[in-house]
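Asker: What follows is each chain in one-letter form.
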Amino acid sequence: MTVPFDLTDDSVVVVIGTGAGGGVLANELAQKGVSVVALEAGGRYLPEDYVNDEWESFGQLAWLDARTTSGDWRVANDFSGLPAWIVKAVGGTTTHWAGASIRFQDHEWKAKTNYGEVQGANLLDWPIDPREMDDYYTKAENKLGVTRTGGREGLPGCNNYLVFEKGAKALGYKEVHTGRMAINSGEYDDRMACQQTGFCFQGCKWGAKWSAAYTDIPRGEATGNLEVREKAHVLRIEHNDEGKVTAVIYADADGNEQRQAARIVCVAGNSIESPRLLLNSASSMFPDGLANSSGQVGRNYMRHMTGSVYAVFDQPVKMWRGTTMAGIIQDESRHDPSRGFVGGYELETLALGLPFMAAFLDPGGWGREFTTALDSYENIAGMWIVGEDMPQETNRITLNNDVKDQYGMPAPNVHFDDHPNDVAMRNHAYQQGMAVYDAVGATRTFPTPPYPSTHNLGTNRMSENPRDGVVNRWGQTHDVANLFVSDGSQFTTGAAENPTLTIVALAIRQADHIAGEMSKGTI
Amino acid sequence: MTDMISRRGMTRRDLLARSAVAAGFAIGAGFVAAPDAAWAMEVEHLKPETMATLIQMARDIYPHDHVADAFYAAAVKGYDSADAAPMIEAGIAGLNAAAGGKGHASYLAMGWERDRVDILRSMESSGFFQTIRGGLVTGLYNQKAVWPLFGYEGESFSEGGYIERGFNDINWL
Chain A
34 MTVPFDLTDD SVVVVIGTGA GGGVLANELA QKGVSVVALE AGGRYLPEDY
84 VNDEWESFGQ LAWLDARTTS GDWRVANDFS GLPAWIVKAV GGTTTHWAGA
134 SIRFQDHEWK AKTNYGEVQG ANLLDWPIDP REMDDYYTKA ENKLGVTRTG
184 GREGLPGCNN YLVFEKGAKA LGYKEVHTGR MAINSGEYDD RMACQQTGFC
234 FQGCKWGAKW SAAYTDIPRG EATGNLEVRE KAHVLRIEHN DEGKVTAVIY
284 ADADGNEQRQ AARIVCVAGN SIESPRLLLN SASSMFPDGL ANSSGQVGRN
334 YMRHMTGSVY AVFDQPVKMW RGTTMAGIIQ DESRHDPSRG FVGGYELETL
384 ALGLPFMAAF LDPGGWGREF TTALDSYENI AGMWIVGEDM PQETNRITLN
434 NDVKDQYGMP APNVHFDDHP NDVAMRNHAY QQGMAVYDAV GATRTFPTPP
484 YPSTHNLGTN RMSENPRDGV VNRWGQTHDV ANLFVSDGSQ FTTGAAENPT
534 LTIVALAIRQ ADHIAGEMSK GTI
Chain B
40 MTDMISRRGM TRRDLLARSA VAAGFAIGAG FVAAPDAAWA MEVEHLKPET
90 MATLIQMARD IYPHDHVADA FYAAAVKGYD SADAAPMIEA GIAGLNAAAG
140 GKGHASYLAM GWERDRVDIL RSMESSGFFQ TIRGGLVTGL YNQKAVWPLF
190 GYEGESFSEG GYIERGFNDI NWL
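If you read the sequences in order, they're chains A and B. Taking this note's numbering, I'd label the letters of the first sequence as residues 34 to 556. Taking this note's numbering, I'd label the letters of the second sequence as residues 40 to 212.
Incorrect hints may appear among the rest.
Simulated coverage check for chain A against chain B, where a stretch passes if three residues somewhere in it have a Cβ under 8 Å from a Cβ of chain B [unchecked claim]:
#1 231-243
#2 270-279
#3 538-547
Residues from chain A shown here face chain B by an in silico Cβ test under 8 Å; the list is partial [claimed, not checked]:
#4 L195
#5 A392
#6 M442
#7 A457
No lab work stands behind these hints, which were simulated from the structure alone. C-beta atoms are modelled at their ideal positions from N, C-alpha and C, and glycine is treated no differently.
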């Protein structure tokens, strides 16, 4: 059989979403000869389409469907309809991501064991041995062309990095460098080297940053085994009387409902849409939502402990020149409870253009305290904080029946309250981040609150025991044998690291498993 | 910044002949302008005094002394519409009432920024204030003509990025 596949073809694997999880899985399966239909809610945009203008690009790429928020996180107040800053396009958020590609530390795979009981946290060990991931991490790094791995050189440091590095070293930090980035430092894999253009968040116009949009997706399509349907927004998943999923209902580009039959369904719509889809697929057999016998679908929503530190200097920095995320301090990523919290965090440079700086420096802020900061825009350096946040059962995605999306489906509500551990870690990180810049002579520093979430994790989490989570060690749902979860929602815990590399490594591993089981005839 | 309406009839002499200069604005029938005619804006749905006050309010919310009034005027020009006018007129009337309560003839007549800001603080949670403030975040800072005033260079792809043009040119560290 070859593309395009028939709607009634029940031999295909249907992958929902084409980002770091779904896009990679779809290609890996196609390379193994498996027939795949990938349904992508967004359109297709390639480097020539990307716009290096922050708001215009936001309008082009961002997922702007109806969403609501609740909880004590400041995002619910500042950006009440925009809990997450993720992408609706072929390639998903790999279009927008900054490119930081770092492995979990061994202890982070076993958070419950290593952190112990943390009150109010729903900690659990991943049912995966860290050694099992080594080869998959290597495959992922080679796929993405990650710098400082596999003999690939690091990127050169831009102005924003040089300020950061000098402050870090003055503080005595040792693990300071321009990062392990999925941004080419030299030509690699038919893609050119970084030209230090900035606008990494708006899609790399050089193709120097890895994105599934122009690597895995077209390569999968070239096999003849992968059909990507754009602007195909999945509404629900159907199952038969035996409790196996049989088809996916989606709205096509014209808004008409279509039904694609499936042998296997893999859900990779990001940690808000994936649980929402399972909840919206409730039936008499699965009254609380598909694959939700544990009650954990949508729960344990994690977004990483984040924040930013910006600092003004008496001379120009021009932070926007060069890669958006241009370097990292890893010394604080260790687990060291003597700091007053479990887990750790990374400090990573970040640059925003003037329009986004105005929106995100101090959302809601006004008057001269605010504007004198922007007056010094040219003299500002910036970093982002990303650390492990605690999974909490009450942080969750639910269906908001009062708000419907453009297809009449209940919108997702994203509820998040900071855990005391998150707050303690953030305060520590603010102090360290400000100290980095003070050490280089900052005249003013800003502990900037979290942006809408870019790292959305944990809402269909992986567990050894079906009682504790939604999927097993392969991302296969405990309840439905031919239903998989293939994105960051399967994360048991979040670790301190940017999640994309781990999502990609898990997708490669899952593709091996699914193809193996299919050939054995077990699913 | 180009003029927002035709310069015809908008020479400095014409303007001054047709308007009253108040608190830094030339306000005439159907228009607001800079006293030196550096910019001028026709208003169709709002009273010219209302638009002038709105421009002042915009500056008081996001004051940048090196950014000319024309940019603030451009940022709020969109409120001169049939839909928005009632909300804006009511909101500005509220500002003037608050100024009156403090013994001033109007919001525009208040000489000190701190006095005007006191009034804005007192109404910070109102829908009117938040609409104006929120709109300015993009209305003011997303004007490409504003960016150079802050040193921001915008896109660099068309020039090949900064790899050969100073991505690491910091010289004071």
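Asker: Now, for every hint given, state plainly whether the structure supports it.
Answerer: Here's how the hints hold up against the structure:
{"no.": "1", "hint": "231-243", "in the structure": "holds (count 4)"}
{"no.": "2", "hint": "270-279", "in the structure": "violated (count 0)"}
{"no.": "3", "hint": "538-547", "in the structure": "violated (count 0)"}
{"no.": "4", "hint": "L195", "in the structure": "holds (5 Å)"}
{"no.": "5", "hint": "A392", "in the structure": "holds (5 Å)"}
{"no.": "6", "hint": "M442", "in the structure": "violated (28 Å)"}
{"no.": "7", "hint": "A457", "in the structure": "violated (30 Å)"}
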